[in-house]
Amino acid sequence: MSIFRRSIYIASKQIYYLFVLVSVLLLAALGSTLWLSAAIEDRKDEVATWASEQLGYPIEIGSTDLYWLDLVPKLHVHNMQVMQQDRVSSILELEHIYLGVDLLASFQQQQPVLKNASLTGLNIGLTRLETGNFQLTGLTGQHTQSDTSIDWYKWFSLLKGFNLKTISVQYTDSVNANLSGRYQLDDASVSQQNNVWNTTASIQLPDTIGQSVVFNGEMEWSVESQQMQAWKGQLKSGNVSLPTILQQVDLHGIKLTQGTVDLTIKAHGQGADINELNADVAIKEANLMAVDENQQAETVSITQLKGLFSWQKNNEEWHFSGQDVLINVNHEQWPVTNFSIKQDDKGLLTAETDYLRLSDLSIISLLTKALPEDLRKQKPAGDLSSLHLEYAPDYGIRSLAMTLKDFSVLPWQDVPGVSGLSATVDWRDGVATVDLDSHQLTLYPEKWLKDAVFFDSVSGQLRWQQDLNWQVELSALQLWNDDFTLQLDGHLKHDNGVTDSDITVKLDQVEISRWQHYVPQSILDEDFKEWANPAFVAGKVVDGDIRLTGNIAEFPFDAKPEQGQFEMKLNVEGVQLHYAPDWPDLVDLTGTITGKNNLLNIQSKHGHIAGFNFAEVNTKINRYLKGKPILTTNGLLTGTTQQALGFLQNSPLKQRFSKVAEVITAEGDSDITLALMVPLADTDNAEASGHVSFKHSQLINPEFPQLKLSEIEGALQFNNNGVSAQGITAILLDQAVSINVVPEKTETVIDITGEFATINLNNMWKNSLPDYISGQAAYQARLSVYEKTLGEFEIDVAVESDLKGINVDMPLPLGKNQDQILPFSVAIKHHGDELSYAAKYGKNINAIVVPSTNANWRGEIRLGKGKAILPKSGMVIKGQLDEISIDDWLSWQEKQSVNTDSSALAYIDTISMNIGQLNAYQQQITGIAFTAERAAQDWRISLHSDQVKGNVNWPHKFDSATPIIMDFDHVYLQMPKTDTQVINAAQESSQKTDLWPSINFHTQRLEVDDMKFGEINFLATRHETSWDVDAAILKSASINASIKGQWQQLPTGEQSHFKLSAASDDFRSLLADLGYQQVMEADNVDIKMDLSWPNSPVDFSRSNIVGQLTMDVGKGRMIDVEPGAAGRIFGLLSVATIPRRLALDFTDLFGKGFSFDSINGSFGLSNGTAYTDDLSMKGSSATIDVVGPVNLIEKTYDQTIKITPNVASTLPVAGAAVGGPIGLGVGTAILIFDKLVGELFDKQIVNLISYSYNLTGPWDEPQLNIVNPISN
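Our numbering puts the sequence shown at residues 24 to 1295.
Rather than coming from a laboratory, the hints here were simulated on the basis of the structure. Ideal placement from N, C-alpha and C gives every residue a C-beta, glycine not left out. Hints may be right or wrong, so weigh each one.
Claimed, not checked - Now the in silico label distances, taken between C-beta atoms and shown as ranges:
| no. | residue 1 | residue 2 | range |
| --- | --- | --- | --- |
| 1 | 343 | 398 | 12 to 22 angstroms |
| 2 | 604 | 358 | 57 to 67 angstroms |
| 3 | 545 | 271 | 48 to 58 angstroms |
| 4 | 960 | 787 | 38 to 48 angstroms |
Said to hold, decoys possible - Derived DSBU-like pairs (lysine-lysine); straight-line CA-CA distance at most 35 angstroms:
| no. | residue 1 | residue 2 |
| --- | --- | --- |
| 5 | 1138 | 1111 |
| 6 | 1058 | 1082 |
| 7 | 890 | 768 |
| 8 | 336 | 289 |
| 9 | 183 | 259 |
| 10 | 890 | 852 |
| 11 | 895 | 918 |
| 12 | 619 | 592 |
| 13 | 918 | 980 |
| 14 | 1035 | 1111 |
| 15 | 643 | 516 |
| 16 | 402 | 619 |
| 17 | 1082 | 1035 |
| 18 | 289 | 400 |
| 19 | 863 | 852 |
| 20 | 863 | 890 |
| 21 | 1067 | 866 |
| 22 | 592 | 651 |
| 23 | 789 | 918 |
| 24 | 583 | 628 |
| 25 | 402 | 470 |
| 26 | 289 | 183 |
| 27 | 369 | 307 |
| 28 | 336 | 259 |
| 29 | 138 | 329 |
| 30 | 866 | 918 |
| 31 | 1082 | 1201 |
| 32 | 470 | 369 |
| 33 | 1067 | 980 |
| 34 | 718 | 619 |
| 35 | 552 | 768 |
| 36 | 827 | 980 |
| 37 | 336 | 183 |
Model the full assembly from the supplied sequences, consistent with the hints where possible.
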């Protein structure tokens, strides 16, 4: 029974309950007794009391009277109320009850016979409890009826009919709250005659449910059985809310969230059976959802479901059908369709339909778990039409006929998926015939194939027959897509557990690289499958046949060939075969693939491999379908040397040789013989052998084209151990070489022996070797080629030579002659991700360096003995040399045509050297310990030696604001001995000396030739065109001196100009500091010099100095003079002693006892001559005046000396060797007294008159000749 019918039934039952209980039974019984009484109007209380007793609830009546209609009296009860027990509120209210009596029948039966009843204005409350029971609102369970049993049918039978008008029911539903509301019965009538009941009703529904329900019906009632007999009825309703009326209906996990229905139902039946039902149904905007939110199914929208539906039943036969059915699901309209489902009396079920959209059924099935799982998992889609299905319970499907268009299902379990299937299916009595005519079909056989398979077209016939056994027949089954065209014919027959086959496959234009996408992987041997998947790279099967016959269980028949055959013959072209791992592919292969059972043979007529041509290459695969397959390949390849390198590079030999092949190109001809055996189950144990021949070949590295290896003759053998060669000859560096190749455990070693000539190297690489390296020598080179990681190769290089025949024209310790043997080696080696460069040159240089692109180099250059050790960071220069001459290196450098590149210093971080003796600028510095460390802005240098000790800050870049800072504890120098040839050579040099950088110099002690000068502070600044001495101060206990000047570089030339000023007030201590005898005392000594010369400050000489020297010596005396020593005074005038003169060293001029008041004068220096005309020494004993030049170059005198003794004075004279800067004049006076007075007057004269002398000759042996005495 439907929900709607049940609801109407429940409502009418409740109405009957109320009307009969309250109105009809009680009032009719009482009214029928009293209606003839004249006092009926006065007996309303009696009626109310009797009714209260019958009902169990207080009843109040407003009034009673008789109402005459058509001369028929009716009892009228007005304003009747059924009250609660407390008489405060009412349970129901009824405005009017009219009861009519059949007078004739009453007289005949001697009792009141009710004819009809009419109720108007009834207001009641009706409640459905949570238990499902109904009761009037306010009515308690124990008072729903009186204890008196009521014969309902008897009371109903008393009425011929009754009418209901304006009946209002306030309904409360505790089970389905959506059904609650006010139901309005506008008009209803019930009548009966001869046990046939008729009824009509019109009910207004609550707004939440719908609009209205109109009902009429007829029912025959059996008094004897008290059961309903034949019945018929009609119901019509509009805009009824489906979610409301179906909320409590079990839809198997589906719920309606919205939707309305308009329906008209006509039905008839017998008892509880419906014999026929016709319904005109129109459902609109219905939404279906899954009750279980975990279903993860989308809402299904039934936009429209409209049609005429019919149900018929006769005993065991039934028939359900639909006509002109319109369905719109998710806004997609179905074609108008009809369907029919019927069952006959034998249980045979027949179903027919014009159309089904399977995708709509699938999405609805996802909402519930009540439908079969395979339907929900496979989600069938597509159009199904002309369906005819017959199903017998004891047989199953007897027949099935249908047409599928674009049918699709998802794969599930062992069932493959498909899409785009169009076919006609006819299944009758166990035989199915499928006529395929599909386009754009895709198959998803996940159990058998890895990927989906697409076909542009599938046509043909498939016939399936099954009883105790089964048989499949294929007839002209054609499949076509971009990969192939094929046709299958034959059959599979299963009989008594044996599956026999006879299938022929014709192939045409098959893309060979795609074969594995269409062959079930389960039938292939695992090892063959692993090999075959990448083996067939490209190409086509032009045409061919494959035939399978026999017992499939014995496939591939190699053990029992009598059980069947598996044969193929395929003509192929353009095939690329990856026949073995790491070996180069066979390309553009044209030939035939044949197979018989478990043996596959690929016979190549022509093709290429690594660029090589081949005429015949045969490849066999034994046991490729079952067992442990083994591949063998044999062939002869002809091509070029470049192709041979490509072959080696793309074969397993690359581990030994590929790095060489990657970096070189080749010319010439080469052949390859190849024999290969590969166990496909264990490809790591493949065996290969053969050789590569070289015929007038040439190898070139494009990055180093000069390293061309030409005229190569020989053969390179290869096998599983790598490559090898013995006695390959070639030309390298224009010299003959011999090459051997030996495979080692982890690498391949290439040994090259030959000679190199420096002239050839310079011809190949312009100026690659400097001119001071020349000759020819033998060498041995070793290249170690190995694989760091798979596919990444590295080469270590080592070259050795004894350099015999090579002349290196360099100063010691690097120079050598061509007969001298001096071991030399260079090595380039990988250390993880780093590359090191190592070099050895005899015992004097040993270096190892790891460069870096970011200039963070690390390495060590060791000079002298010891091995260079790679530091963890930084570049270090270390070493120990016995002796090195900077003068020799500077002299050698001036002869070179190349400029010194100091950029290498940018990579050095630390220098640490020990040098026994360093010769530079005519200085000898011994016991040197030298360290230098790179800082951010400069070098921090620490120098310890016997002569110099201190620190130097040497800037990376020189400018006027960044000076060289020198801070020494002591500096001990030797004055250079002037060499005219050296000076001339310096003057003739074409190289221009750069201006010196700014210098900030300080030393605590300065000594020159044992002369102690004390503390010196020196500050010089470099400008764009000049180098200026801003301040130079010498301080000691005996002297203060200062120098200023500049060195200019002008367009007209270079010029040095300096001024010196010196003063001492302790001349005797000054003599001691300067290392001379303390033979003279003087209160004050002042000397000034203004000198200039061309070129740099160190390029001065006696011949190029121009300037003025003035001196002023205050009062003093000679402390001691030794006889016979005056001649040595003039030797002090050499260039080597000029600085001593300039430093006021004149202690060699005076003997003890000679006092003087002053010594003063000046010299003009020019063209190598010092000239004076005012040199004068005045003392109490005599006055000595000197005039004339001194030749500083020839070291000779040409002066006139005038001596004027003071009368009455004595002059003690001694022959001591004293000296000083005034030796040009004062020395002459001492000489006179030494030569003349000492001999004639026995060291004492009195009142001697003045004489003039000529001083001539060399400084070492001057001549003093008297000119004439001069009178006072």
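Here's how the hints hold up against the structure:
| no. | hint | in the structure |
| --- | --- | --- |
| 1 | 343 with 398: 12 to 22 angstroms | holds, 21 angstroms |
| 2 | 604 with 358: 57 to 67 angstroms | holds, 59 angstroms |
| 3 | 545 with 271: 48 to 58 angstroms | holds, 53 angstroms |
| 4 | 960 with 787: 38 to 48 angstroms | holds, 43 angstroms |
| 5 | 1138 with 1111 | holds, 18 angstroms |
| 6 | 1058 with 1082 | holds, 17 angstroms |
| 7 | 890 with 768 | holds, 29 angstroms |
| 8 | 336 with 289 | holds, 14 angstroms |
| 9 | 183 with 259 | holds, 26 angstroms |
| 10 | 890 with 852 | holds, 17 angstroms |
| 11 | 895 with 918 | violated, 39 angstroms |
| 12 | 619 with 592 | holds, 9 angstroms |
| 13 | 918 with 980 | holds, 26 angstroms |
| 14 | 1035 with 1111 | holds, 20 angstroms |
| 15 | 643 with 516 | holds, 33 angstroms |
| 16 | 402 with 619 | violated, 43 angstroms |
| 17 | 1082 with 1035 | holds, 21 angstroms |
| 18 | 289 with 400 | violated, 40 angstroms |
| 19 | 863 with 852 | holds, 14 angstroms |
| 20 | 863 with 890 | holds, 9 angstroms |
| 21 | 1067 with 866 | violated, 48 angstroms |
| 22 | 592 with 651 | holds, 23 angstroms |
| 23 | 789 with 918 | holds, 20 angstroms |
| 24 | 583 with 628 | holds, 32 angstroms |
| 25 | 402 with 470 | holds, 18 angstroms |
| 26 | 289 with 183 | holds, 26 angstroms |
| 27 | 369 with 307 | violated, 38 angstroms |
| 28 | 336 with 259 | holds, 22 angstroms |
| 29 | 138 with 329 | violated, 45 angstroms |
| 30 | 866 with 918 | holds, 26 angstroms |
| 31 | 1082 with 1201 | holds, 27 angstroms |
| 32 | 470 with 369 | violated, 41 angstroms |
| 33 | 1067 with 980 | holds, 25 angstroms |
| 34 | 718 with 619 | violated, 42 angstroms |
| 35 | 552 with 768 | holds, 33 angstroms |
| 36 | 827 with 980 | violated, 42 angstroms |
| 37 | 336 with 183 | holds, 33 angstroms |
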